[in-house]
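Q: Sequences are here, hints too, so could you generate the full structure?
Heads up: the sequence lines are chains E and F, in that order.
With numbering that gives the first Met the number 0 as the guide, the letters of the first sequence map in order to residues 0 to 355.
With numbering that gives the first Met the number 0 as the guide, the letters of the second sequence map in order to residues 0 to 355.
Lysine to any residue pairs mimicking SDA-like chemistry, simulated, CA-CA at most 20 Å apart:
1) F/Lys-268 <-> E/Leu-293
2) F/Lys-267 <-> E/Ala-305
3) F/Lys-267 <-> E/Leu-293
4) F/Lys-306 <-> E/Phe-254
5) E/Lys-268 <-> F/Gln-286
6) E/Lys-268 <-> F/Leu-293
7) E/Lys-189 <-> E/Pro-337
8) E/Lys-306 <-> F/Pro-205
9) E/Lys-312 <-> F/His-230
10) E/Lys-267 <-> F/Thr-301
11) E/Lys-267 <-> F/Ala-304
12) E/Lys-189 <-> F/Ile-226
13) F/Lys-268 <-> E/Glu-290
14) E/Lys-312 <-> F/Asp-224
15) E/Lys-267 <-> F/Ala-305
16) F/Lys-201 <-> E/Asp-310
17) E/Lys-182 <-> F/His-230
18) F/Lys-312 <-> E/Asp-224
19) E/Lys-182 <-> F/Arg-225
20) F/Lys-182 <-> E/Asp-224
21) E/Lys-165 <-> F/Val-269
22) E/Lys-309 <-> F/Phe-146
23) E/Lys-213 <-> F/Lys-306
Hints in this document: simulated from the structure, not taken from any laboratory.
There are 2 protein chains.
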Amino acid sequence: MYPYNYLFDFTKNVFMKMGCSEHDSTIIAEVFLAAELRGHASHGMIRIKDYYQLWKSDRINTDPHVRIVHESPSTAVVDGDNAVGMVAARRSMEIAIEKAKNAGTGWVSTRNSNHFGIAGYYSMMALEHDMIGICLTNANPLVAPTFSISRMMGTNPIAVAIPAMKQPPFIADFATTPIARGKLAVAEKKGEKVPFGFVQDKDGQPSDDPEILKRGGSMLTLGGDRIHGSHKGYCLSSIVDIFCAVFSGANFGPFVPPSVAYLPVLDKKVGEGTGHFFGAMRIDAFQPAEEFKLKMDEWISTFRAAKPVKDQKCVLIPGDPERESTERIMREGIDIIPAIKDDLVEIAGELNIKFN
Amino acid sequence: MYPYNYLFDFTKNVFMKMGCSEHDSTIIAEVFLAAELRGHASHGMIRIKDYYQLWKSDRINTDPHVRIVHESPSTAVVDGDNAVGMVAARRSMEIAIEKAKNAGTGWVSTRNSNHFGIAGYYSMMALEHDMIGICLTNANPLVAPTFSISRMMGTNPIAVAIPAMKQPPFIADFATTPIARGKLAVAEKKGEKVPFGFVQDKDGQPSDDPEILKRGGSMLTLGGDRIHGSHKGYCLSSIVDIFCAVFSGANFGPFVPPSVAYLPVLDKKVGEGTGHFFGAMRIDAFQPAEEFKLKMDEWISTFRAAKPVKDQKCVLIPGDPERESTERIMREGIDIIPAIKDDLVEIAGELNIKFN
Chain E
0 MYPYNYLFDF TKNVFMKMGC SEHDSTIIAE VFLAAELRGH ASHGMIRIKD
50 YYQLWKSDRI NTDPHVRIVH ESPSTAVVDG DNAVGMVAAR RSMEIAIEKA
100 KNAGTGWVST RNSNHFGIAG YYSMMALEHD MIGICLTNAN PLVAPTFSIS
150 RMMGTNPIAV AIPAMKQPPF IADFATTPIA RGKLAVAEKK GEKVPFGFVQ
200 DKDGQPSDDP EILKRGGSML TLGGDRIHGS HKGYCLSSIV DIFCAVFSGA
250 NFGPFVPPSV AYLPVLDKKV GEGTGHFFGA MRIDAFQPAE EFKLKMDEWI
300 STFRAAKPVK DQKCVLIPGD PERESTERIM REGIDIIPAI KDDLVEIAGE
350 LNIKFN
Chain F
0 MYPYNYLFDF TKNVFMKMGC SEHDSTIIAE VFLAAELRGH ASHGMIRIKD
50 YYQLWKSDRI NTDPHVRIVH ESPSTAVVDG DNAVGMVAAR RSMEIAIEKA
100 KNAGTGWVST RNSNHFGIAG YYSMMALEHD MIGICLTNAN PLVAPTFSIS
150 RMMGTNPIAV AIPAMKQPPF IADFATTPIA RGKLAVAEKK GEKVPFGFVQ
200 DKDGQPSDDP EILKRGGSML TLGGDRIHGS HKGYCLSSIV DIFCAVFSGA
250 NFGPFVPPSV AYLPVLDKKV GEGTGHFFGA MRIDAFQPAE EFKLKMDEWI
300 STFRAAKPVK DQKCVLIPGD PERESTERIM REGIDIIPAI KDDLVEIAGE
350 LNIKFN
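A: Below you can see the structure in the form of structure tokens.
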């Protein structure tokens with residue numbers, strides 16, 4: 000088990016060695032560690048290698064000039080200058096929050112960025128300002144639309160953070176697919192099958208094989224099949240893609256660039272880099288903040304008091320599992336499996352820093 | 000088969016007889032008929048009786064003063080004054096569009112309203128202004144959150160309309176449940192079972208009985224069960240509820256009032272009436288409108304060209320089925336089944352107008 004601070008300092012040092020400023024490296028480390036704390040290790044330390052290799056392949060800019068290229072009172076388009084995703088994303092959400100201070104709401108679409116870690120982190124930035132935070136991103140194409148066998152979309156997540164008063168905030172952060180990509184990788188490593196409804200084979204037949212993506216298969220959208228509403232997951236994923244990429248001028252759908260260096264740069268571009276979308280809504284643009292937050296307390300306690308199914312202790316509020324995970328991990332430390340540790344030791348060696 | 004104009008004039012007359020202004024009655028008729036045209040008859044002529052009976056029970060205000068009660072440059076809260084939902088909703092979306100003209104985007108949360116027909120109608124109002132339109136509403140509680148057997152939420156739909164240039168617009172309009180409530184009613188009338196994953200019984204056991212809601216059962220959220228991501232449908236439905244009701248001061252979750260007079264007014268209120276949420280986003284607050292719309296053409300043709308599964312002609316774009324339905328129905332007319340016709344004849348008789 001590693002303490003939070005050890006991994007934070009290590010991550011920060013890795014990115015500083017790659018040429019990122021101390022300011023940027025601090026942000027990047029914060030987002031990586033937020034993923035670990037919230038129990039989404041698939042977006043945590045395991046991904047440092049991907050960023051490191053993108054940098055070694057000269058496919059990411061560690062000294063970017065992230066800037067507004069278009070704006071209105073409540074909106075902006077940001078060019079991320081091919082930055083590490085966290086850097087472009089954090090700055091974009093700051094701009095959304097600034098816009099909201101003046102216009103009531105702020106909406107930023109960001110192009111020319113890269114994989115930014117967990118969407119929830121950016122949505123949560125709004126909370127301390129008594130705002131609702133929203134964050135969307137598109138991602139590498141792995142998912143087929145309803146009725147298709149082509150990989151056209153990423154797992155395109157949606158994150159929404161809503162403050163309450165005495166209750167902890169409502170924090171939803173979910174892929175628009177039944178499961179995140181990382182869950183397939185876990186099943187694959189364990190040699191387990193997955194339930195039907197997650198993936199299909201290259202001909203569109205139902206599959207329970209987590210390795211099917213390697214053989215032309217694709218992930219399915221939330222809903223699973225047409226009868227159970229997969230077209231609604233497809234709608235959601237499309238809306239995320241359009242807000243992130245068509246609004247900003249990033250690559251959409253099948254043209255989103257890979258977030259790993261072992262996949263080649265795509266032949267065709269329809270925009271610049273990966274796209275994100277950020278929203279900040281001042282609560283008091285709708286209701287006095289205190290009134291709203293008291294009402295959210297009532298909303299949360301009403302839903303928490305819903306009658307649970309047998310054998311289930313209680314109904315959860317979005318954000319509950321991640322908060323429990325954070326408390327546990329801050330107490331117990333972060334577990335790094337041997338294969339990931341080996342990667343980090345190797346990176347440390349190459350950068351002439353320490354990891355043990 | 001009834002021609003569009005006949006049903007439009009009839010509907011308008013019904014609401015004028017109920018005391019609505021000609022302006023309001025025209026809007027109401029337009030939304031009812033839009034539901035029929037788009038193939039969502041469950042929100043069309045079949046519902047006129049519900050509104051008529053609410054009016055007879057003095058539970059709806061046909062001479063409302065719909066007004067802004069709070070605002071910022073990009074936001075407003077609207078009080079619907081217990082209007083017929085269409086009247087409060089149309090005015091709210093107009094306000095969102097006005098706000099967007101000045102601030103780039105406009106966001107309106109509406110309280111003290113009623114059932115407003117199809118969400119898609121209001122989102123589509125933005126298209127002619129070269130804006131993206133968004134519409135959400137909460138609704139009578141029929142749906143259980145993940146791990147619960149309590150009916151806490153409505154089918155809380157999401158509608159998003161996005162303009163294109165030569166391609167028809169992208170129009171998504173979907174409940175955050177695997178199916179809309181109306182589909183259960185259809186199966187019930189036909190005496191058919193429904194697939195597992197739509198509803199559960201009063202103990203939370205899977206059920207294929209479309210009548211299970213009458214025996215304490217509940218609808219499930221998009222995803223169906225926890226393994227297949229029902230908690231993501233629960234997140235979506237919750238976000239819709241909070242944006243519609245907590246932002247506006249309407250009733251949330253289990254306290255949303257019934258949209259039919261045969262169900263009693265609820266004992267407990269936590270706000271005023273039903274809540275909606277509307278968004279309008281100027282395209283040129285992000286990109287020159289022409290550039291954006293050309294890019295949407297490219298997005299749409301890219302997705303339309305995705306490889307279909309065997310036996311499927313092509314991949315659909317959100318809005319395709321409704322557009323085909325509209326063209327067919329404008330040509331062939333609107334089918335009214337005998338039971339609905341009987342209701343309309345009876346209402347016509349009571350109001351001293353004609354229907355045959």
